[in-house]
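All chains, full assembly: derive it from the sequences and hints.
2 protein chains.
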Amino acid sequence: MSDSTFDSLVCPLPITTHPRVLMAHGGGGRLMNQLIDVMFRAIFTEVQPHDGAVVTSPQDKLVMTTDSFVVRPLFFPGGDIGMMAVNGTINDLAMCGAKPLYLSVAFILEEGLEMATLWRVIQSMRQAADAADVKIVTGDTKVVERGHGDGIYINTTGIGVLHSKQAINPSQVQLSDAVLISGDIGRHGMAVLMQREHLTFSSSIASDCAPLTRPVMALLEADIEVHCLRDATRGGLAAVLNEVAAVSGFQIDCSETAIPVDSTVQSLCELLGFDPLQVANEGRFACFVAAKNAASALEILQHYDLRAAQIGTVVNGRPGLVSLQTEIGGSRILDMPSGELLPRIC
Amino acid sequence: MSDSTFDSLVCPLPITTHPRVLMAHGGGGRLMNQLIDVMFRAIFTEVQPHDGAVVTSPQDKLVMTTDSFVVRPLFFPGGDIGMMAVNGTINDLAMCGAKPLYLSVAFILEEGLEMATLWRVIQSMRQAADAADVKIVTGDTKVVERGHGDGIYINTTGIGVLHSKQAINPSQVQLSDAVLISGDIGRHGMAVLMQREHLTFSSSIASDCAPLTRPVMALLEADIEVHCLRDATRGGLAAVLNEVAAVSGFQIDCSETAIPVDSTVQSLCELLGFDPLQVANEGRFACFVAAKNAASALEILQHYDLRAAQIGTVVNGRPGLVSLQTEIGGSRILDMPSGELLPRIC
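Residue numbers (my numbering), protein chains in the order written: chain B, 531 to 876; chain E, 531 to 876.
Because the hints were derived from the structure by calculation, they are not lab data.
Careful: at least some of the hints might be erroneous.
Heads up, the list lumps identical chains together, so a pair's fine if it works in one copy or across two of them.
[To be verified] In silico lysine-lysine, DSSO-like type, Cα no more than 30 Å apart, as pairs:
id, residue 1, residue 2
1, K629, K665
2, K591, K822
3, K822, K629
4, K629, K695
5, K629, K591
6, K665, K591
7, K822, K695
8, K591, K695
9, K822, K665
10, K665, K695
Right under this line is the structure:
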């Protein structure tokens with residue numbers, strides 16, 4: 531597909547001949563090839579008419595990560611399943627300190643899905659991939675019968691290249707590390723929930739869905755001693771802090787007032803009985819850096835989002851415990867969410 | 531998980547506490563971590579408690595491929611969705627002339643799925659990965675509400691290393707190339723169909739699901755001039771021949787009697803009105819080799835399956851046409867299947 535066709539935003543051929551997905555679009559024959567040729571080609575950097583893509587590895591250490599996306603609804607303020615599927619996997623690579631190189635994309639489509647909907651998602655994926663300078667190199671399509679899916683499920687798998695020799699993972703966390711968050715939390719989960727439940731509220735909330743490669747690379751290029759990076763998706767910041775505390779064997783002390791939460795998100799959470807700390811984000815990460823680098827790391831993060839903040843410190847104490855100093859001066863244990871909070875948020 | 535626990539074939543903890551999948555098993559909290567720790571760990575070679583896996587690239591050209599599996603039912607004679615998910619992606623790598631190194635695995639589970647079923651699938655994936663000497667290095671789990679899936683959908687994405695400098699793809703096909711098939715066709719599709727529709731027949735049919743790395747590597751190591759390899763999955767051998775004819779710009783002439791079909795498969799196809807050439811396989815590939823290497827390539831393939839055969843030749847004629855010489859001496863055009871034949875076969 532030529533760029534001009536893509537840029538025209540006009541739905542291509544299968545929409546005219548078949549405005550909805552048929553079972554045969556997943557059957558490996560003419561209709562599937564037409565779908566690939568005319569629509570999916572728009573998201574691929576180079577089309578290789580074969581079962582896989584040959585890619586170039588610039589060094590001997592690569593990072594591989596995979597994620598499936600089943601968010602309901604497919605479109606919400608600030609994002610959609612396509613943008614999420616690209617950014618989510620890019621962000622998992624970034625959390626390993628890796629720059630994304632290649633993505634694969636696999637669709638499970640529901641029979642009856644409107645081709646125009648699929649086309650919107652494809653466009654969104656292409657834009658997100660271009661913005662992050664990542665190549666989508668190979669793909670797959672399956673179709674399931676009407677009622678056996680939710681329109682579109684997407685899997686993306688990413689390959690990235692390690693940007694530094696620092697090992698970046700929860701077991702690298704050290705005593706007195708500073709704990710930073712890259713922006714305000716809870717917007718993605720609340721935006722999806724409002725759209726799903728058709729809620730209206732005083733102000734609108736847009737998802738924080740965004741690629742995180744740039745702030746992460748900026749930290750690494752500034753020689754910040756980064757010990758661990760973790761994006762706060764399912765389970766929210768609460769899950770991240772508990773996981774890192776458990777693996778590192780330290781206690782983490784955080785200050786509730788230091789954690790940035792948008793006032794609309796805060797009000798909505800109070801109204802609905804949610805803890806913003808447990809709400810999923812799609813463009814926020816927690817960052818564990820050496821104490822000596824806390825100020826310069828924060829300055830870098832604030833260059834990308836003014837709401838970035840230091841929210842806590844790694845301390846000796848009860849291994850695996852996350853303690854939260856509350857607004858009124860007390861402290862409470864921040865537990866690992868069990869997982870029931872908000873299903874189908876990513 | 532220790533190997534002894536895995537080998538015991540006893541269902542691990544989540545089955546005792548939660549015999550069925552809950553929405554919370556996909557929520558990013560305690561229940562999801564328990565599911566990963568106690569069950570999914572069995573399929574991973576090394577568990578890295580992070581969002582991605584660091585892998586080693588032995589050379590600068592890698593192959594990446596992705597495939598989702600939505601087969602119904604999950605278990606059938608000769609295989610299951612887990613074995614298929616591993617072998618299918620390994621085979622896509624093999625078709626590029628690549629040896630598989632790493633796989634990612636992503637599950638979309640349906641709420642209410644029995645943990646014992648998931649455990650059977652996990653065991654099957656582990657066995658298939660071990661048999662193919664491939665490492666499963668990273669994964670993901672999502673849960674969708676009851677009625678929004680079919681128990682288990684699996685995506686596997688693979689990275690492999692090119693085994694030779696030969697470019698192997700449909701555009702490499704040359705005039706007078708020999709067309710070989712690695713074994714009898716149509717068993718996988720018919721085995722799944724019989725199981726799905728609860729059909730009984732004079733003899734049972736088992737799927738041909740199998741990894742194809744060994745015969746492919748044997749061809750390459752013997753310096754066979756391999757131009758194109760293609761596994762005959764969705765759309766069957768008919769789709770493969772039509773795709774290769776279209777991309778290469780040649781005509782392909784095949785002999786119907788030379789194409790090996792098991793007599794039970796043939797009878798069942800006749801009874802149900804299927805063309806075995808359009809039925810999906812999961813362990814069969816077509817192989818386009820230089821004419822001078824036809825005999826030695828066939829000998830190698832027959833070492834792995836005695837039913838391997840030369841079935842045709844690449845000729846000048848109408849570009850993209852596949853012509854089939856029939857049993858009674860006539861010839862017919864073998865068309866690209868439109869795709870309606872057998873949905874949800876892989």
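Hint check:
1. When the C-alpha separation of K629 and K665 is checked against a cutoff of 30 Å, the pair qualifies both within a copy, at 12 Å, and between copies, at 23 Å.
2. Taking the shortest alpha-carbon separations for K591 and K822, only the intra-copy value of 29 Å comes in at or below 30 Å, while the best inter-copy value is 41 Å.
3. In the homo-oligomer, the alpha carbons of K822 and K629 lie at most 30 Å apart inside one protomer (25 Å), although the nearest pairing across protomers, at 46 Å, exceeds that limit.
4. Taking identical chains as interchangeable, the C-alpha atoms of K629 and K695 lie at most 30 Å apart whether they share a chain (13 Å) or sit on different chains (28 Å).
5. Taking identical chains as interchangeable, the C-alpha atoms of K629 and K591 lie at most 30 Å apart whether they share a chain (12 Å) or sit on different chains (18 Å).
6. Taking the shortest Cα distances, K665 and K591 sit within 30 Å of each other both inside one copy (18 Å) and across copies (16 Å).
7. Taking the shortest Cα distances, K822 and K695 sit within 30 Å of each other inside one copy (19 Å), while across copies they are farther apart (50 Å).
8. Within a single copy, K591 and K695 get their C-alpha atoms as close as 10 Å, and across copies as close as 22 Å, so both meet the 30 Å cut-off.
9. For the homomeric pair K822 and K665, neither the shortest alpha-carbon distance inside one copy (37 Å) nor that between copies (39 Å) is at most 30 Å.
10. In this homomeric assembly, K665 and K695 come within 30 Å of each other (Cα to Cα) both inside a single copy, at 24 Å, and across copies, at 23 Å.
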